[in-house]
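Enquirer: Chain by chain, the residues run as shown.
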Amino acid sequence: MPDFKVEIRARLAELQLSPVREAEIVEELSQHLEQEYERAVSSGASEELARQQVLEQLNHVERRVSQKPVVAGAQLKTNLLGDLTQDIRYALRVLAKNPAFTIIAVIALALGIGANSAIFSVVDAVLLRPLPFKHPEQLVMVWENAAHLGFPRNTPSPANFLDWQKASSIVHRNGSNDGAKLQSHRGRRTRTARWSSCFRKSLRVVRYTGSAWAHIRAG
Amino acid sequence: MALQYMASPVPDRELKKGSAELMILALLEDRARHGYEIGQLIELRSRGAIRFNVASLYPLLYRLEKRNWIRGRWIEKPGQRRRRYYRLTASGKNVLSKQRAGWREFVEAINLITGIQHA
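So the protein sequences, as listed, match chains A and B.
If you're matching positions, the first sequence starts at 1 in our numbering and goes up one per residue.
If you're matching positions, the second sequence starts at 1 in our numbering and goes up one per residue.
In short, the hints are calculated from the structure, not lab data.
Check before you lean on any hint, since a few could be wrong.
Quick list of in silico lysine-lysine cross-link-like pairs, BS3-like style, CA-CA up to 27 Å [claimed, not checked]:
#, chain 1, residue 1, chain 2, residue 2
1, B, Lys66, B, Lys98
2, B, Lys77, B, Lys66
3, A, Lys166, A, Lys134
4, B, Lys66, B, Lys93
5, A, Lys5, B, Lys77
6, A, Lys5, B, Lys98
Kindly produce the complete structure, drawing on both the sequences and the hints.
Expert: Shown next, in the form of structure tokens:
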């Protein structure tokens, strides 16, 4: 009688079963194979042929023994969630064991997030968000060339601006701002500006006090 | 697949998988049996049409045992070496009852559709 236990053990080795469990399976399967072998021999098969036929039955036995019952849809879900939970727990344990590393990681993350937020805020305000005017694409800054005075890009005077405004047939509405200044008013430092009558309409700027210089001139 | 059909066209794999459990549970209904005996009975009662090999039968028995539908126990009888006998548990009896009813309904439905009649 061939010893089938060796063959069975070899096939079950990769399953890493407990010694007791493996011994039970080996004993049970070898008994079955021995009876199959005896039956084949008594049916007229040679010993070698009977042995081969019996051993053929062991094909993929290790795969089938390790096979778990299949529940449709449940297996994959359980594994995915199980792996995720395991990963999170492992990460928390590692962080708790290394507080210095955790603090450095948190600070690095905070700085990274803060820097990204700041850059995005600037990009949003300067490049992405449209200016709060009706036709921001038509807004231009007009400069006066006063190179002979040492100012190649000079803010035009109110009188020059009014002359340009009269002569212009391209610009639909123009306005002028003569720059903002800090002035002392009744003992208080106040930010003031000079602008033409159209300036406020163009830019929708709310005037706190005073009047447009074009009106003063007209008056 | 767990079964080898020696004659006639091979039925659907899922059908065979479901029926294999039912066959084993049904054979253990009357009394406890060992694995070789279960395999022999299936082959005998199916007139050789259905045959289990070792790699099919025992993994299935272990799965049924894991589900607590059957329970295996080593028994040593006088003059014989010890063998592992499987018997049906209470849970297994319930499953067998349900599977039987389900299978009967399924076969009747198939008969109605295909027009197959008993001889």
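Enquirer: If a hint holds in the structure, say so; if it does not, say that too.
Expert: For each hint, the structure was consulted:
{"no.": "1", "hint": "B:Lys66 with B:Lys98", "in the structure": "19 Å, holds"}
{"no.": "2", "hint": "B:Lys77 with B:Lys66", "in the structure": "26 Å, holds"}
{"no.": "3", "hint": "A:Lys166 with A:Lys134", "in the structure": "23 Å, holds"}
{"no.": "4", "hint": "B:Lys66 with B:Lys93", "in the structure": "15 Å, holds"}
{"no.": "5", "hint": "A:Lys5 with B:Lys77", "in the structure": "22 Å, holds"}
{"no.": "6", "hint": "A:Lys5 with B:Lys98", "in the structure": "38 Å, violated"}
Of the hints listed earlier, the one the structure fails to meet is number 6.
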